[in-house]
Amino acid sequence: MENTNRLRKILTSKEFTLFVTLVAIVLLFGSISPNGAFLKPRNIRSILDSMTIYTLFAVGGALVIISGNIDLSPSYVGAACGVLLAKLLNDGVPWYLVVPICLLMGAAFGVLNAVLINEFKIQSFIATLTTGTFIAKGLVYLIPDGVTYQIKDPVVVWYSTGKIFGFVPITMIISIAIIVIFGIVLAKTRFGRSVYLIGGNANAARLAGLKPKKLSYIIFACSGALGALAGMLYAGRLKSGSLVGTVDYGFPAVTAVILGGVSLGGGTGNMLGCFLGLLIINGFNNGLLVMGVKPYWQDVASGVLLLVALTIDYFSTRERKIRTTLSSKGGMGQ
Amino acid sequence: MVEHSLEFCNIVKSFPGVNALKGVSFHAEGGRVCALMGENGAGKSTLLKILSGDIRPDEGCLKINGEEQHFSSPHQSIRASVSVIYQERQLVPSLNVMENIFLEDMPAGRLGFVNVGELRRKTHEIIDLFGLPIEPTDTVGWLSVAYQQMVEIMKAYRRDSNIIAFDEPTAPLTDKEIEILFKLIRKLKEKGKVIIYVSHRMAEIFQISDDIVVLKDGSLVKTLLTENTHEGELVKAMVGRDIGDTYANLKRNDKIGDVLLEVNNLVTYDVKDVSFKLHKGEVLGFAGLIGSGRTELMRAIFGADPILSGEIKIEGRPVRFRSPSEAVENGIALCPEDRKEQGLVLKRSIFENVSIPVLKKVRKGLFLNRKTEFDLAKSAVKRYSIKTPSVEKRVMELSGGNQQKVILGRWTSEKMATKILILDEPTKGIDVGTKAEVYQMVCDFARQGIGVIFISSELTEVLNVSDVIMVMHNGRISGSVTREEATEELVLQLAMKD
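Protein chains in written order, with our numbering: chain A, 1 to 334; chain E, 335 to 832.
These aren't lab readings, by the way, just hints derived from the structure by calculation.
Predicted model only: the values in this text are computed from it and were never measured.
Cβ coordinates follow ideal geometry from the N, Cα and C atoms, glycine included.
Incorrect hints may appear among the rest.
[Stated by the list, open to error] Derived PhoX-like pairs: lysine-lysine, alpha-carbon spacing no greater than 20 angstroms straight-line:
| # | chain 1 | residue 1 | chain 2 | residue 2 |
| --- | --- | --- | --- | --- |
| 1 | E | Lys-585 | E | Lys-769 |
| 2 | E | Lys-585 | A | Lys-9 |
| 3 | E | Lys-570 | A | Lys-188 |
| 4 | A | Lys-211 | E | Lys-705 |
| 5 | E | Lys-611 | E | Lys-570 |
| 6 | A | Lys-211 | E | Lys-681 |
| 7 | E | Lys-611 | E | Lys-705 |
| 8 | E | Lys-705 | A | Lys-188 |
| 9 | E | Lys-570 | E | Lys-831 |
| 10 | A | Lys-239 | A | Lys-152 |
| 11 | E | Lys-611 | A | Lys-211 |
| 12 | A | Lys-121 | A | Lys-239 |
| 13 | E | Lys-681 | A | Lys-9 |
| 14 | E | Lys-695 | E | Lys-753 |
[To be verified] Covered stretches of chain E, as calculated for chain A (at least 3 residues, CB under 8 angstroms):
| # | region |
| --- | --- |
| 15 | 514–528 |
| 16 | 637–651 |
| 17 | 699–711 |
Use the sequences and the hints to build the structure in full.
As structure tokens, then:
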């Protein structure tokens with residue numbers, strides 16, 4: 001009895017649907033790609049490798065969205081931290097100081113977002129769009145002042161481009177470790193539970209004894225720091241502080257998060273879903289690439305993929321909503 | 335002059351668990367003001383919503399000027415020349431006064447554009463008629479609540495509706511503004527319009543109405559001519575009913591202990607100079623009309639709203655909570671009035687809702703211990719017989735009564751040490767059977783030595799469940815009575831005293 005229930009729960013879960021979609025994509029491209037190129041180990045690695053930067057943004061994005069807000073700034077913050085990394089290393093600051101400084105700057109952006117949202121009551125969409133596209137993006141140009149700095153620091157270059165056993169990139173390990181750690185934090189700790197509760201209903205959570213404001217500071221700081229980490233890894237891979245940097249990584253990451261079942265309304269979703277969402281989008285894009293489809297079609301395709309996911313989500317939650325309002329509607333007091 | 339008339343014919347309406355209206359019939363004539371009176375929950379608002387086409391009656395119909403009407407939308411009601419002015423304003427806050435007044439009916443100019451000059455001129459005419467210091471171009475959202483109310487009334491006036499209903503129109507108004515409103519109502523009366531007037535304020539009813547219809551528990555109990563009646567008779571008509579055995583069978587606590595909570599001269603934005611004491615094992619009722627400041631008082635004590643001055647002591651120790659989490663740590667629990675918006679995280683499961691205040695205590699090392707959490711929730715499910723197949727069920731899938739029990743389960747779990755339990759309208763929207771269960775729970779909490787604050791707008795329950803009843807009016811405590819000496823007449827008079 002217990003077992004059949006558990007089985008049914010797994011089969012009806014969002015994660016299972018995502019998993020089936022992923023398997024379908026793998027089978028599709030595996031069978032139609034020339035010489036089965038899609039399933040070659042090198043290509044699988046390439047899919048996972050292309051996910052690295054997206055994963056870091058997705059983890060932060062999911063954290064914020066589950067808590068009932070949205071953060072659009074990390075990709076710009078990442079770009080700013082990338083050039084800051086290159087500039088400071090060039091100025092001769094040792095890597096073990098530069099890395100924490102960049103992470104701190106990312107966290108500081110998160111705190112700034114939290115201040116705007118909590119103290120000045122600005123909607124998170126507007127607040128983070130402003131700090132991202134104006135302040136952080138401005139810094140991308142201001143910090144290097146027109147110069148593209150090369151990154152030559154051996155430690156930074158090692159962790160950004162090195163491979164364990166000559167095959168597994170270190171950055172991939174970092175990003176997978178991050179998503180696993182945050183997955184456990186969300187699912188198992190008091191902090192993680194609080195994120196779900198304030199995302200589900202901040203008012204009720206506060207009246208039940210949680211501190212939504214304090215939590216939102218921590219959540220945004222995490223999102224900013226993860227953005228900084230992504231930006232540093234990106235710059236390290238390029239071995240230079242690019243003026244474009246991770247700017248274009250933000251929206252696809254949020255797309256993967258939403259595809260992965262994190263509802264924009266807050267309070268639901270998990271890291272396993274996000275990871276599957278990332279695999280689906282990157283696998284799909286890679287499949288198109290292997291098939292020789294023009295790269296710009298990839299954007300169109302991910303857009304369509306997201307729309308399909310949102311539509312399915314809409315219909316499944318709507319059906320649930322109708323059922324619940326029918327069963328739990330109380331009387332009208334007067 | 336055309337005489338208009340409105341007739342309610344045997345209106346029946348029920349909501350799940352509640353019979354809101356049980357066959358109400360009465361007649362309102364044009365050129366007279368018909369006051370609708372009754373306690374909270376008597377069915378007045380439901381009746382108005384039927385008049386405005388917001389909801390459809392299960393049985394019965396309306397007759398306007400003798401013609402049967404079956405409204406299925408507010409639009410149809412407006413077309414039949416009905417305007418209902420609710421307590422909650424139906425304005426578009428981002429638009430200005432003239433746009434709101436002429437919302438569905440903008441004077442068109444050439445090419446279909448709005449004729450702004452005409453719009454402004456017409457609006458000015460109406461404003462002048464009312465003698466109000468506002469401009470047609472003022473944005474409605476920036477006006478005070480009182481002026482917003484006036485804009486709403488001007489809108490009804492502009493439509494030239496033949497039937498105009500007011501739902502507690504004076505609640506946000508000052509005396510001077512009430513004067514203006516009454517002058518206007520008399521003007522509408524002279525024009526032969528049908529006026530329905532809902533209010534809790536006795537003095538006003540006698541000032542403005544011609545007829546009084548008294549509702550009670552969804553039935554019409556009496557129709558009175560204002561000139562032939564007096565306050566005493568009216569209150570009696572509103573209250574008179576038989577009280578079931580529910581209350582006689584309650585197992586109460588008879589050992590009331592020391593002072594647990596003492597509040598002295600508390601002042602907040604909504605509460606003026608409130609003092610009271612709550613003892614161990616006592617059920618302290620708070621009666622009063624909606625908006626009398628009871629909820630606001632409790633939120634302030636709980637640390638949810640700011641306190642301007644005053645003193646709060648728990649077991650003799652002065653406290654001042656800066657956030658609800660501090661209050662919770664000190665053994666205070668609040669079940670808010672609006673349980674869906676403020677009480678529960680509907681999207682999450684029962685066990686997650688139960689363990690919120692004790693998350694620190696259900697950990698094993700760094701991680702939450704799911705088994706402990708499940709046990710807490712299962713024990714709450716068992717204790718309050720919450721109907722659910724599993725504690726992993728999301729709270730939104732439970733009925734109102736069961737949702738309320740989840741909140742009670744949260745505050746009385748084995749890991750909590752609740753000393754003071756504040757229940758704000760715990761029986762709102764709950765069916766009769768569950769209500770009786772809730773009353774017994776309240777008494778059980780008291781028997782365990784918890785000090786219970788029981789806020790309710792239903793007089794009967796607050797009078798019969800509480801040991802002592804505090805009555806609030808306009809942010810102040812207007813009196814307190816013990817259960818033995820309390821009568822509904824007495825409490826209602828304290829609650830409505832002008």
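Results for each hint:
no.: 1; hint: E/Lys-585 to E/Lys-769; in the structure: holds, 15 angstroms
no.: 2; hint: E/Lys-585 to A/Lys-9; in the structure: violated, 43 angstroms
no.: 3; hint: E/Lys-570 to A/Lys-188; in the structure: violated, 59 angstroms
no.: 4; hint: A/Lys-211 to E/Lys-705; in the structure: violated, 25 angstroms
no.: 5; hint: E/Lys-611 to E/Lys-570; in the structure: violated, 31 angstroms
no.: 6; hint: A/Lys-211 to E/Lys-681; in the structure: holds, 19 angstroms
no.: 7; hint: E/Lys-611 to E/Lys-705; in the structure: violated, 40 angstroms
no.: 8; hint: E/Lys-705 to A/Lys-188; in the structure: holds, 12 angstroms
no.: 9; hint: E/Lys-570 to E/Lys-831; in the structure: holds, 16 angstroms
no.: 10; hint: A/Lys-239 to A/Lys-152; in the structure: holds, 7 angstroms
no.: 11; hint: E/Lys-611 to A/Lys-211; in the structure: violated, 29 angstroms
no.: 12; hint: A/Lys-121 to A/Lys-239; in the structure: violated, 40 angstroms
no.: 13; hint: E/Lys-681 to A/Lys-9; in the structure: holds, 17 angstroms
no.: 14; hint: E/Lys-695 to E/Lys-753; in the structure: holds, 18 angstroms
no.: 15; hint: 514–528; in the structure: violated (count 0)
no.: 16; hint: 637–651; in the structure: violated (count 1)
no.: 17; hint: 699–711; in the structure: holds (count 3)
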